[in-house]
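Produce the entire structure from the sequences given, and follow the hints as far as they go.
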Amino acid sequence: MIDMTTPAHDMTAVSMSPGRVALRRALRHGGFWIGGTIILVIVLLAIFAPLITPYDPSIQGLAQRFVPPVWADGGSWQHPLGTDNLGRDHMARMLFGARISLGIGLLTVVISGSIGTAMGICAGYWGGWPDMIINFFITVRLTLPVVLVALVVVALIGSSLWLLILVIGLLLWDRFAIVVRSATQQIAQREYITSARAIGSSTSRILFREILPNITGPLIVVASIEIAHAILLEAALSFLGLGVQPPNVSWGLMVAEAKAQLLFRPWMIAIPGTALVLLVFAINLVGDALRDVTTPEGKA
Amino acid sequence: MPSDTRILSVKGLNVEIPVPGAILRPVRGVSFDVGRGETVAVVGESGCGKSLTALAIMGLLPRQAKVRSEALHLNDESLEAASAKRWRQLRGDRIAMIFQDPMTALDPCYRIGDQMCEILLQHCKMSKSDAIVRSIDLLAKVGIPAPTERLKQYPHQLSGGLRQRVMIAMALLCEPELIIADEPTTALDVTIQAQILRLLRDIQRETNIGLLLITHDLGVVAGMADRIVVMYGGEVVEVGTCDQVLAKPLHPYTEGLVRSIPVPGETQQGETLGYIPGVVPKQVGELVACGFVERCPYAREACRAGAVSLRDAADGRLMRCILPVDGSGRDPAVWFLPEGEDTESTTKNGSI
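Protein chains in written order, with the numbering used here: chain A, 1 to 300; chain B, 1 to 352.
Calculated directly from the structure, the hints in this document are not laboratory data.
Warning: the hint list may mix true and false statements.
[What the hints assert, rightly or not] Residues of chain B placed beyond 10 Å of chain A at every Cβ, according to the derived structure:
{"id": "1", "residue": "Arg6"}
{"id": "2", "residue": "Asn14"}
{"id": "3", "residue": "Met58"}
{"id": "4", "residue": "Val67"}
{"id": "5", "residue": "Gly92"}
{"id": "6", "residue": "Val133"}
{"id": "7", "residue": "Ile136"}
{"id": "8", "residue": "Thr191"}
{"id": "9", "residue": "Gln193"}
{"id": "10", "residue": "Asp315"}
{"id": "11", "residue": "Asp326"}
{"id": "12", "residue": "Arg330"}
[Claimed, not checked] If you want the footprint, here are the derived chain B segments under chain A, 3+ residues with CB under 8 Å:
{"id": "13", "region": "215 to 227"}
{"id": "14", "region": "248 to 254"}
{"id": "15", "region": "316 to 325"}
Note that beta-carbon positions come from the ideal geometry of N, C-alpha and C, so glycine has one too.
This is the structure we're talking about:
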């Protein structure tokens with residue numbers, strides 16, 4: 001029996017926002033699941049670090065030096081990932097280190113993303129001399145070797161967590177600017193931008209309400225890649241001793257501290273190293289999935 | 001036309017675009033008026049400056065383009081003197097524009113309702129709930145079924161015809177005095193074209209707004225326009241009422257356009273249609289001869305003597321040609337010559 005009262009199309013059911021469409025596609029993407037799960041676990045561990053471990057990451061216990069992890073000979077569940085050369089609990093350090101590594105990754109991307117997006121939108125929308133000036137800045141930035149400049153600045157001014165975030169943030173905006181610029185150039189050609197002007201929209205309204213939402217796709221992808229980039233850069237700087245300074249702890253710093261024990265207690269360096277690889281791998285997986293999801297022709 | 005009913009008055013409009021090594025002049029001294037409740041069609045083939053004229057009136061040309069005019073008035077307010085802020089107030093409120101391609105003229109990121117309400121919130125200072133009611137009213141008025149549901153949809157969920165209806169509804173939101181429709185039906189298929197044109201005509205009659213219709217399709221013009229402005233090479237070459245121009249074109253270019261349309265019931269299958277040889281020349285520098293001389297089958301020595309000015313023809317019509325205004329000395333057969341016999345007119349187009 002056919003129900004004649006229901007309309008052929010339920011039009012409200014298909015009215016999903018572009019964001020929800022993207023999310024639905026993402027949930028069908030294998031890479032998004034794997035990467036997303038890893039990131040989610042790491043983020044949750046970082047957030048609930050004090051609840052998971054009873055130890056303070058900077059409390060030393062000289063009687064408890066170099067306790068091996070639980071799976072090695074002599075390990076115990078008292079220190080599941082062992083202790084380091086000063087007897088600090090490795091697991092506590094990993095958990096609290098994740099906070100700093102993730103925090104640096106996110107905050108630097110907020111800084112570099114804002115700078116790069118603003119520059120890219122202006123260059124792409126106006127073209128002409130604003131474009132030339134911004135392109136000049138992009139070129140100048142590309143000629144600077146990031147690690148060396150960061151090292152010099154940190155060495156000259158001295159290292160602090162906020163300075164580190166600022167320096168990395170101010171150095172990584174180039175990819176945002178380049179991608180946003182070309183995305184904006186494409187969008188600015190569209191008739192709905194002319195249409196927005198024809199209904200009397202102000203320039204700032206066009207830039208932020210019309211263009212910005214339409215370039216969110218590429219922007220999210222670049223942001224995910226740049227988070228991984230920033231985390232690696234922080235690890236590299238910390239490894240060189242000019243990044244995160246004790247008593248703060250980051251995964252890069254843990255790798256640096258463990259390098260002397262590389263031949264004798266390789267687990268010390270393997271644990272933070274593996275964690276770093278896993279995190280960056282997961283972020284890249286998600287970034288790749290987001291690219292597939294946000295481009296219409298991408299495989300969903 | 002009495003000046004009290006005049007909404008838009010364009011006089012001596014010029015657009016100049018500097019390119020490396022030259023200055024393009026795609027619009028040269030264009031003048032026309034649009035009255036209240038009147039439909040004026042601007043016709044001409046691609047590259048004649050129709051769309052640029054429309055964009056110049058809307059103040060939407062890119063920065064590089066320079067606009068000069070003797071007068072550009074909307075209701076006796078000079079648009080040339082308008083500040084950027086005043087322009088923003090006028091656009092969407094007093095003048096609205098309907099674009100060619102409805103597929104790209106709506107922002108894919110926002111629901112139809114949000115895009116419509118945005119205009120009302122900005123121009124009419126309406127409350128959000130009033131804006132929604134008005135949007136639903138207008139969607140219903142332009143013949144969109146289930147307007148309340150459509151309001152919540154995104155542009156990609158609408159067909160081309162529906163989107164163009166939405167564009168028309170958006171143009172009508174603030175009850176403008178003038179609507180500029182830039183080839184509003186070019187991107188639509190023929191049945192939808194007819195619907196959209198009828199809708200535009202009905203709405204225009206009902207609300208008594210001025211409609212400036214830009215098109216290259218004389219078939220569209222025939223059913224819609226009160227007056228026709230024919231443009232060629234950036235210049236107005238003929239002005240007249242719709243019936244006059246279509247029945248008895250004065251300028252050879254108009255004649256060529258009219259001859260190239262099949263007439264239902266008269267044109268036989270297999271019969272050759274007329275065509276105008278050559279393409280529109282690049283609009284660089286000053287004219288030293290009639291702009292159409294390279295393609296005109298009636299061209300003679302006198303046509304190359306100097307630029308031709310727009311002059312009064314009979315019955316209030318205007319034309320830019322040295323041929324007699326009574327239409328004598330014409331032979332419609334010239335448009336049906338097979339290719340190869342019109343060597344003179346195809347040789348040197350592109351250089352004025």
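Hint check results:
1. Arg6: Consistent with the label, arginine 6 of chain B stays out of reach of chain A, its closest Cβ about 22 Å off (over 10 Å).
2. Asn14: holds, 21 Å
3. Met58: violated, 6 Å
4. Val67: holds, 15 Å
5. Gly92: violated, 3 Å
6. Val133: holds, 19 Å
7. Ile136: holds, 14 Å
8. Thr191: Label holds. Min Cβ-Cβ 21 Å, cutoff 10 Å.
9. Gln193: Given a closest Cβ separation of 18 Å, the condition holds.
10. Asp315: Holds, since 36 Å exceeds 10 Å.
11. Asp326: Holds, since 43 Å exceeds 10 Å.
12. Arg330: holds, 40 Å
13. 215 to 227: violated (count 0)
14. 248 to 254: violated (count 0)
15. 316 to 325: That given contact is violated, which follows from only 0 residues of the region 316 to 325 of chain B lying within Cβ reach (below 8 Å) of chain A.
Checked against the numbered hints listed earlier, the structure breaks hints 3, 5, 13, 14, 15; every other hint is satisfied.
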